[in-house]
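Visitor: Take a look at the letters that make up each chain.
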Amino acid sequence: MNRRYFIYMFISLVWVSFLTGCWNRKEMNELAIVLAAGIDKVDDRYRFSAQVVDPGQVSSRKGGGGGRAPATLYTEEADTIFEAVRKITRISPRKLYFSHLRIFVIDESLAKEGMAEVLDFLNRDHEIRSDFYIVVSKGVKAEDTLKILTAVETIPANQLFSSLDASERNWSPSMTVTIDSLIDDLISDGKNPVLTGLRVVGELETGKSKRNVENIDPPGRLRYSGLAVFKKDRLIGWLNEDESRGYNFIMDNVKSSVGNVTCPGEGKVIGEVIRANTVVKGMVYRGRPQVNINVRIEGNVGEVECATLDLTKKDTIRELEKKMGKKIGKSMESVIEKAQNSYKSDIFGFGKAIRRSNPKAWKTLKKGWDEEYFTDLRVTINVDYKIRGTGTMGKSFLNEMK
Amino acid sequence: MDNPNTSFQTLFDNLEQNLRQIKQTLGNSGDIVIRTIPLSRHGKRMITLIYIDGMADKKLVNDFIVESLMSNSNSAEDKDDLDKNGFEDDVQSLKNSVLALGSINDLTDFEAVYNAVLSGDTVILIDGYTAGMSADTKGWKDRGVTEPASENVVRGPREGFSESIGINIALIRRKIKSPDLRMDKKQIGRVTRTEIGIMYVKSIANDKIVKEVHARLDRIDIDGILESGYIEELIQDSNFTPFPTVFNTERPDVVAAELLEGKVAILVDGTPYTLIVPAPFISFLHAAEDYYQRADISSFIRILRFMGIFISLLGPSLYIAITNFHQELLPTQLLIGLAAQREDIPFPAFIEAFIMEATFEILREAGVRMPKYIGAAVSIVGTLVIGSAAVEAGVVSAVMVIVVSLTAISSFVIPAYNVAIAFRMLRFPMMGLAASFGLFGIMFGIILLILHLCSLRTFGVPYMSPFAPLTPADQKDTLVRFPHWLMRTRPRLANQKNVNRLNPAPSRKSRE
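As you go down the protein sequences, you meet chains A and B in turn. Per the numbering used here, the first sequence starts with residue 6, numbered consecutively. Per the numbering used here, the second sequence starts with residue 13, numbered consecutively.
It should be emphasised that the hints constitute simulated quantities derived from the structure, not laboratory data. Each hint can be trusted.
Part of the chain B face toward chain A, derived, beta carbon under 8 angstroms:
#1 F337
#2 T344
#3 A352
#4 A361
Quick list of simulated restraints, FRET-style, between CB atoms:
#5 A:V263 / B:L346: 29 to 37 angstroms
#6 A:T77 / B:P441: 34 to 42 angstroms
#7 A:S186 / B:T395: 47 to 55 angstroms
#8 B:M437 / A:D84: 52 to 60 angstroms
#9 A:N299 / B:L451: 45 to 53 angstroms
#10 A:T380 / B:L451: 51 to 59 angstroms
Calculated from the model, a selection of chain B residues having no Cβ within reach of chain A, i.e. all distances over 12 angstroms:
#11 E28
#12 L38
#13 D43
#14 T48
#15 N117
#16 E163
#17 R186
#18 F255
#19 I315
#20 V380
#21 S391
#22 A402
Glycine included, each C-beta is placed from N, C-alpha and C at the ideal position.
Model the full structure from these sequences, guided by the hints.
Guide: See below:
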């Protein structure tokens with residue numbers, strides 16, 4: 006009796022498991038893998054573009070690399086982003102799959118009006134992970150940046166992702182910003198966000214066609230240039246390359262970078278930063294906030310273009326260290342000055358530093374920080390540049406060439 | 013046979029009557045040789061030899077029984093007082109001086125006669141005497157001691173059991189020359205009357221387990237035992253499990269090692285496969301060679317083996333689960349690559365995997381059953397069909413072929429064939445769970461599996477010991493193998509009485 010009951014239970018359980026119908030199951034070839042997405046504003050509606058990879062064209066299997074582009078762009082307009090995303094199924098054979106999103110481009114004009122509403126969807130949707138980078142298109146529609154074909158990395162989104170990663174690590178005027186850190190900057194007082202700008206250089210129209218990658222020198226290219234300065238969620242201006250580097254030094258965001266100083270005579274010496282560490286300390290002194298920035302940099306001499314320099318001498322190295330430190334200090338000063346005077350936006354988080362050191366004073370400073378206190382803020386910069394190596398040579402052979 | 017039952021009919025003192033009865037019972041089979049010769053030259057007294065042609069060694073019968081009886085009858089010519097003397101003396105003198113054979117037993121009833129004749133002995137019946145003798149003349153063609161086919165080693169002894177229980181026992185005796193090594197004989201099978209030997213080392217084995225083995229074997233009432241598999245199924249603890257709870261091997265060195273750990277071996281006549289109980293799960297994952305190679309090598313190989321189990325159980329299910337439910341777990345490039353391969357595949361991944369796994373199992377079984385010469389052809393066709401043609405035809409994706417072949421090869425690293433099969437069978441429900449619930453399903457399956465494994469017992473010993481219950485001292489010979497000089501104690505699971513494997517080292521204090 007008992008046994009029969011058990012068997013009936015077991016059989017019905019087995020059948021019940023068939024009824025579930027494999028909930029939420031999706032085969033890989035039922036996915037439209039979105040690697041890059043962009044958002045524009047057309048009139049009052051959002052225009053959402055998704056760059057979807059065409060796996061058959063990317064893989065190295067035979068038949069790949071045929072006539073089709075490695076990715077395809079789906080674009081839809083709607084009153085809200087989510088509606089636009091779902092509307093794309095009208096033109097796409099598969100539902101968009103966002104887990105592998107690498108890069109998200111926000112249009113410059115939209116950023117100028119305020120981008121906060123856009124971010125909610127990116128942060129809320131369960132499929133979207135938080136490890137993609139956000140950039141702002143500069144002088145071009147976000148949609149158009151997703152139309153450029155690239156060589157080497159056949160999928161443009163991968164090119165954008167890897168290039169941003171590499172340039173942040175080795176060149177330093179650009180920076181990677183993920184959705185979490187961006188939202189963190191937006192909600193915390195005493196810090197305004199910054200995003201890297203993305204431009205299309207060369208011919209946009211040719212860049213969109215397959216001819217672009219057929220050239221050894223593609224006519225249309227994607228290029229990161231400078232940082233976009235925000236005030237809250239509104240874009241208010243751009244930093245040039247030098248200022249961007251200064252900004253990254255202040256933010257302790259430099260892993261490696263390259264910069265030059267002039268020789269005693271003519272020509273230049275180029276230093277490579279191999280290690281940099283920045284400590285920003287805020288304090289309130291007699292009711293007035295001030296900030297101390299201490300930067301410790303270790304570098305190598307990467308290139309010497311002048312004949313007069315004798316790198317085997319201690320004094321020369323000292324001299325170079327001083328100059329290079331000064332140069333970096335200057336670019337830091339210039340970016341602070343620009344932020345204080347032109348943009349009136351604390352993109353450095355100085356306010357945060359002061360709040361950390363003196364939370365009581367911060368309560369009164371908080372109101373009108375950007376407009377009042379930040380613009381008058383006294384910032385002392387102290388750069389300690391140490392040259393650790395001169396490469397595989399001491400004196401340049403240029404010395405002996407005379 | 014040495015179970016004198018009152019119902020057994022005792023021998024008559026009339027030879028004619030005896031022979032008639034025997035012929036009637038054995039049905040005049042053609043291979044039974046009944047030969048009657050006079051005991052003395054003039055004597056009326058006759059003596060009869062009964063043996064089975066082919067089972068008894070003819071040379072032994074001729075040289076040592078017929079010959080000596082003949083010469084005896086010649087020399088006994090002048091002794092006419094045989095009739096006067098007691099039969100006892102007569103038989104005794106035959107036994108003592110005439111028959112030049114090692115083992116001679118007395119027989120009193122017909123049942124014993126049949127037993128002796130049918131197991132290859134020669135039965136000697138003497139007219140006027142109610143007791144016969146059986147002479148051990150067993151001798152049939154034997155396969156001999158050859159290399160074990162199913163358990164290969166790179167380093168280690170190359171001898172394997174054969175079908176004859178006597179030789180098998182000798183092989184074990186040769187490894188353990190201790191008076192403590194005991195052998196209890198039994199006969200099981202109403203019709204086949206198969207000889208069973210129970211071996212254990214008295215000073216090490218747990219008496220309770222030995223007693224339990226005897227009890228379980230005594231309870232068997234079946235017409236025939238043709239292989240140790242019959243015994244295994246009849247004495248195992250749990251019937252509703254894919255996992256074996258009785259270990260089998262055809263290597264004498266493995267049996268010897270297990271006996272030294274306090275286990276009990278059950279030898280069955282007619283098969284090279286010897287059973288060993290108790291058999292916890294971990295013993296199926298250890299190969300003989302683990303103890304012959306250096307400890308580090310063995311440990312490395314064992315770790316490989318555990319990886320192999322993991323892959324063979326979960327390989328296809330993980331693939332199905334990740335590609336169907338958790339695509340975000342894959343690196344982007346890999347996802348695109350996999351998606352590209354799947355572009356033209358008409359089936360869902362589960363069906364694809366199922367087809368491939370089933371094809372593989374069919375090929376494997378075909379390869380085993382085929383004559384050796386055709387087996388190679390099967391594997392060639394198999395590789396071609398599965399490997400490239402199926403991918404080319406767009407029926408399955410190339411990754412699936414990789415997954416399935418990796419899984420298949422992994423399952424072969426499990427030394428015990430029956431456990432490998434168990435995991436292969438469990439792979440299918442796992443795939444089903446993965447296809448319906450993703451990684452949650454796999455986790456659910458693993459939890460069920462572990463619960464099931466922990467609920468099993470083998471001759472009173474928990475199947476998952478020494479993991480559950482955890483015995484820290486026994487971990488030295490589980491996932492890795494410690495060097496022999498560190499394995500001081502025997503596993504605790506089966507024996508508690510003779511624990512030290514090595515002589516306990518003198519403690520530091522006493523050395524000073």
